[in-house]
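Throw the hints in and build the complete structure from the sequences for me.
Letter by letter, the chains look like this.
Number of protein chains: 2
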Amino acid sequence: MRDEFRADLQIVSQLLVDMAEGIRAAMRQATRALLTADRRAAETVIERDAEIDDLYRHVEERVCDLLARQAPVASDLRAMITALHVAADLERMGDLADHVAKTALRRHPSPAVPAELRPIFTDMAAIADRMAEKIASVLAKPDVAVAAELDRVDDAMDDLHRSLFAVLLGEDWPYGVETAIDATLLGRFYERFADHAVNTAEHVIYLITGETTPPAN
Amino acid sequence: MRDEFRADLQIVSQLLVDMAEGIRAAMRQATRALLTADRRAAETVIERDAEIDDLYRHVEERVCDLLARQAPVASDLRAMITALHVAADLERMGDLADHVAKTALRRHPSPAVPAELRPIFTDMAAIADRMAEKIASVLAKPDVAVAAELDRVDDAMDDLHRSLFAVLLGEDWPYGVETAIDATLLGRFYERFADHAVNTAEHVIYLITGETTPPAN
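If you read the protein sequences in the order shown, they are chains A and B.
So in full-length UniProt numbering, spot 51 of the first sequence is number 51, and the numbers just go up one at a time.
So in full-length UniProt numbering, spot 34 of the second sequence is number 34, and the numbers just go up one at a time.
Among the hints, a few may not be true.
Intra- or inter-copy, both count: the list cannot distinguish identical chains.
Said to hold, decoys possible - Below, in silico cross-link-like pairs of lysine to any residue (SDA-like), each with a Cα-Cα straight-line distance of 20 Å or less:
{"id": "1", "residue 1": "K102", "residue 2": "A166"}
{"id": "2", "residue 1": "K102", "residue 2": "L169"}
{"id": "3", "residue 1": "K102", "residue 2": "L35"}
{"id": "4", "residue 1": "K102", "residue 2": "R192"}
Treat the hints as calculated values from the structure; they're not laboratory data.
Quick look at the structure:
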C-alpha cells in the first residue's frame, strides 16, 4: 500500500512538473508573440492552453482516485491537497499566458507594446520565466530554500509593475488611452502570473514544513 | 459514521455560506466606497478581508480533518473536493472586493470613478451582487437550475465590460490616462469576481450531477 502510494504520488508530481514546464513554455511564447508581433507564436499558445487544462484535470482525477483508494492521512494527505492547490495555480498561470497571447493577436500586425515599454515588459517576462523555472524545479525536487526565493523574485516583479505605471502616467506619455489600457492589463497578467508562482512556492513550503502563510492578495 | 459525515459536511457547507455572505457584503461595501468616496466603507472591507481568509482556512482544516478521519469515497469525496474549490474561489472574490476598496481609498477624497462611468459601474456592481446572492443560495441549497443561471448573468457582466472599454476608447474621453487605468483595473476586478462566481456555480453543478465543464479562462 505504501509503495503503491509512493508510485501514485510520483505520477502526480510528474504531471505537475509537466504543467509547470507547459506554462513556462506558454509564457515564453506569449512574450515572443507580444514583443515581436509573432502571430504564429500567439496562436500556438492559445491552441495549447487546452493541453494545460487537460493536465489539470488529470491531476484532479489522479488525486481523487488516490484519496478514494488509499485514504491517505497526515503528510500523505497534505501532499494530495497541495497537489490540488498547485495544479489550480498552474492552470491559472496558463490562462494568463493565453491572455498575453490574445492581447498580442488583437493588435497584430501592430505591436501591442510601444518602444518605451519594451524594456519593462522584457524584464517582467524574464522574471516570469525565472519564476516558472524555479517552480518546475521545486516541484521536481521540493526544496524550501529554492521555494522561498520566489518571494524575493516577486518583489522585483512588483518594482517593475510600479515603474510601468510611472511611465504610463508620465506627462510625456504619447500613445493615448488604448495603448495605456493594453499595457495596464498586460502588466497585470505578468504580475498575477508571478503571484500564482509565489502561491505555488508557499504550497510547496507548507508541504515540506507543515507551516502555512496567509493567502496572498 | 454516515451520520457523523453528514454533520461534518453540514458544518463545511455552513462555512461556505458564511464565506459567500461575507464576500457579498464586502463587494457591496467596496462598491459604496467606490461610488460615494466613503473612506470608512473602504477601510472596513480591507480590515474584514482577514475574516474571509480565516473562513477559508477553516474550510481547509475541516475538509482535511474529514478526509483523514472518514476517508469518504464517491459522491462524499466529490463533495469534499468541491468544497476546497469553492472556498478558493470565494477567498479570491474577497480579494477582489479588497482591491476595489483599495482603489477607492487611493483616490480618496476624489471619486475613483468619473460621472460618465458611474452608470456602468453601478450596473456591474448590481450584477456582482446578484451573482454573490445566488452563490450563497446554491451553497445553502444546491440547485442546478439556479447555479446554471449564473452563466447567463455573467454574459450581462461581459457586455458591461465591453461597454466600459467603448467609453474609455471614445474620442471624447476627457479624463486622461490615470482615470482610464483605474477604470480598466476596476472593470477587471468586477469581471473576475463574476468569473469566480461562475466557477463556483460549475463546481456546485458538478457536485450535483457529476458532470464537469472545462476550466474557464
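Measure nothing new, just compare the shortest in-copy and cross-copy C-alpha distances for K102 and A166 to 20 Å and report within, between, both or neither. For K102 and A166, the Cα distance is within 20 Å only across copies (19 Å; inside one copy 25 Å).
What label fits K102 with L35 when the C-alpha limit is 20 Å: within, between, both, or neither? Within one copy, since 13 Å is at most 20 Å while 32 Å is not.
Same-copy or cross-copy closeness of K102 to L169 [CA-CA at most 20 Å]: between (25 Å within a copy, 19 Å between copies)
Check K102 against R192 for me: Cα-Cα at most 20 Å, and say if that holds within a copy, between copies, both or neither. both (16 Å within a copy, 17 Å between copies)
Violated hints for the displayed structure: none, as all numbered hints are satisfied.
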